[in-house]
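**Student:** Take a look at the letters that make up each chain.
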Amino acid sequence: MKQRPTLSRPALALALVSAIGMVLAGVSFYIALIVFAIWIGTLWLGSPKPPQPERSDGDGVFTRASVGDLIEHSATPMLLTQGSRVTTANLSARRLLGSHLVDQDARVAFRHPEAIALLGRDAAGSAIIRGLERRRDIWSMNRQPIGDGFAVIELVNRTSEADISRAHTDFVANASHELRTPLASIIGYVETLLESPGSLDSETSNKFLATIAREARRLQHLVEDLMSLSRVEAEKHDQPDEEIGFANLVERAARDAAGSERSDRLELQCDSPVLIAGDSQQVEQLVRNLVDNALKYGDDDKTVSVTVDTSGKGEATLTVKDRGEGIAAEHLPHLTRRFYRTDPGRSRASGGTGLGLAIVKHIVERHRGRLDIESVRGEGTTVTVRIPSKAVADDVVKLS
Amino acid sequence: MPEHTVKAFDEDITRLRGLIAEMGGLAEVSIQESLDAMVQGNESLAEKVVKRDRKIDAIETDVDKLAVRIIALRAPMADDLREVIAALKIAGVIERIGDYAKNIARRVGEIEGRKRFEPLTLLPAMGDLAAEMVHDVLTAYASRDPELALEVIRADAKVDAFYNSIFRNLVSHMVENPATISSAAQLLFVAKNIERIGDHATNVAEMVHFAATGDYPPDEDN
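Respectively, the protein sequence lines represent chains A and B.
Going by the working numbering, the first sequence opens with residue 1, and the numbers climb by one from there.
Going by the working numbering, the second sequence opens with residue 401, and the numbers climb by one from there.
In short, the hints are calculated from the structure, not lab data.
Quantities reported herein were computed from a predicted structural model and do not represent experimental measurements.
Treat the hints with care, since some could be wrong.
Stated by the list, open to error - 25 Å max Cα-Cα, derived SDA-like pairs, lysine to any residue:
1. B:K489 to B:D410
2. B:K465 to A:G83
3. A:K207 to A:I186
4. B:K592 to B:S444
5. A:K296 to A:R252
6. B:K448 to A:E114
7. B:K448 to A:D137
8. A:K390 to A:C270
9. B:K489 to A:D103
10. A:K236 to A:A216
11. B:K455 to A:I116
12. B:K448 to A:R135
13. B:K451 to A:N248
14. A:K390 to B:D545
15. B:K407 to A:S84
16. B:K455 to A:A117
17. B:K448 to A:A127
18. B:K451 to A:A75
19. A:K296 to A:L219
20. A:K236 to A:A75
21. A:K313 to B:L548
22. A:K313 to B:D479
23. B:K451 to B:T461
24. A:K321 to A:R341
25. B:K455 to A:P113
26. B:K455 to A:G125
27. B:K407 to A:G147
28. A:K296 to A:P197
29. A:K321 to A:N248
30. A:K390 to B:L548
Could you build the full structure based on these sequences and the hints that come with them?
**Tutor:** Structural data, given as structure tokens:
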């Protein structure tokens, strides 16, 4: 639609007043009318064209900074690239890939061949890439060119979907076996007691009852552990943000795990003031499991040292070191697998469910930490947990 | 890194780092796929790994050319020079890692009676350790993180220990099942290749540490 030039009101008023003045001064009405018409005509011709309005909101011009602001707090990791360089990365992307990626070649951030193929393409597209942050995770990467060599990249985490289907099959395979074993012995002993009332002397039947009680308790522990494992797994993908004084919590949980009769074997060194962002209940459980393991599998008369410290990179570290017979190297990579046991007989005898370290691993992963197990035969095992400290996590947020 | 007065120099360095990362990504996928192919007996996957190695070699040549060009045209100094020298050496090492992955893939067809061949189950765990090292060292390179590089160097001891245990395991398996000796011997080479991948990841870690700090990491006795 073509815009009509508009006339200014004062000019119109002036013309009108002049015409009326001319009529009042005795000039013929028609002449006054013609003068008025000519006046208006020249005003109309001479009025400047109104400036073109700004383009409507939808296709307004965005600057790089405004796009950066737009995506900054999106929960989805998003990046803006120009040519092969990353020019802007939002908060989630910096958390995921590190703040160093800005101004780098995009290939440095995404080195998976599929991702690189996608970066080299002109058209929009998506790719599934593995091992973006951790080696096993799965992300889908969507790229949309927006002109002038710029492109927007969006990353969506697909790990949880793959995890769920794998977890299902694992669970059915292992848990049913583990649950059935104690049940079988409970049923067996109970049936024996039922079928032969009176024929068993009280010593034997007491022994049977003790076995039933022990197996039932094991079953109870197992169900509890399975519950907490599934809870941790369910929450695995949302990051905890409670502020925790790591050292205090470790000290409390370690004493709790040792109980009164084993507490003299603990050697605590928890005076680092490091804060972490975490889930206090889960971190407590992590410490309890590790300390309990160390006390259980270390030599009965040797101490277990529990140390809280900070690493060079500002991570909070927890080291639990026992002095026992240690673990053979071939078992080490499997230790965090559910129901994996280096020595099934011994583990059952001491009431282990085979889930403790699996729970620990999941909790560490949820806190974006790392778990390391080292062991020397004959000397003992050292478990190290490193969790990013609150300061480090906040730094990433501040950097923009 | 602070910007340089000559913008083109920044672009060259960025491109160099991009090429190294691309090579690393290819090598990483090759390691994973060669091990998967080995465990599943998937020969078409193995074929893919062998083909991919050519791409890695081609990028290595690109890196060499670009690095020489940077040195010749821009005469880099201090950390820039370290960056270029490290890239040159890392490219060579990653190329070797790619070769080991290719070697593993080549042996896929040589394993017989895969279903009943129990030592095969030991490999993925060891391969995971080595692949993890390669993944971490490339991340350390991308973020110029000397701490993570040192961590990778420390992790090599685990791979070595694993190799020794697999070696013993395979030898006793051969003694007990003479019929599988040829397959088991192939597996020994595969284990050795994985062990070498770990060693080379350590080499890259040393370069990363050098590029970031100017010092080679202190030698740890392992």
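**Student:** All hints, please: hold or fail.
**Tutor:** Taking the hints in turn, this is what the structure says about them:
no., hint, verdict
1, B:K489 to B:D410, "holds (20 Å)"
2, B:K465 to A:G83, "holds (22 Å)"
3, A:K207 to A:I186, "holds (13 Å)"
4, B:K592 to B:S444, "holds (23 Å)"
5, A:K296 to A:R252, "holds (18 Å)"
6, B:K448 to A:E114, "holds (14 Å)"
7, B:K448 to A:D137, "holds (22 Å)"
8, A:K390 to A:C270, "holds (17 Å)"
9, B:K489 to A:D103, "holds (24 Å)"
10, A:K236 to A:A216, "violated (30 Å)"
11, B:K455 to A:I116, "holds (13 Å)"
12, B:K448 to A:R135, "holds (21 Å)"
13, B:K451 to A:N248, "violated (55 Å)"
14, A:K390 to B:D545, "holds (19 Å)"
15, B:K407 to A:S84, "holds (15 Å)"
16, B:K455 to A:A117, "holds (13 Å)"
17, B:K448 to A:A127, "holds (19 Å)"
18, B:K451 to A:A75, "violated (39 Å)"
19, A:K296 to A:L219, "holds (19 Å)"
20, A:K236 to A:A75, "holds (16 Å)"
21, A:K313 to B:L548, "holds (9 Å)"
22, A:K313 to B:D479, "holds (22 Å)"
23, B:K451 to B:T461, "holds (17 Å)"
24, A:K321 to A:R341, "holds (19 Å)"
25, B:K455 to A:P113, "holds (11 Å)"
26, B:K455 to A:G125, "holds (23 Å)"
27, B:K407 to A:G147, "holds (23 Å)"
28, A:K296 to A:P197, "violated (38 Å)"
29, A:K321 to A:N248, "holds (18 Å)"
30, A:K390 to B:L548, "holds (19 Å)"
When each numbered hint is compared with the structure, violations occur for hints 10, 13, 18, 28.
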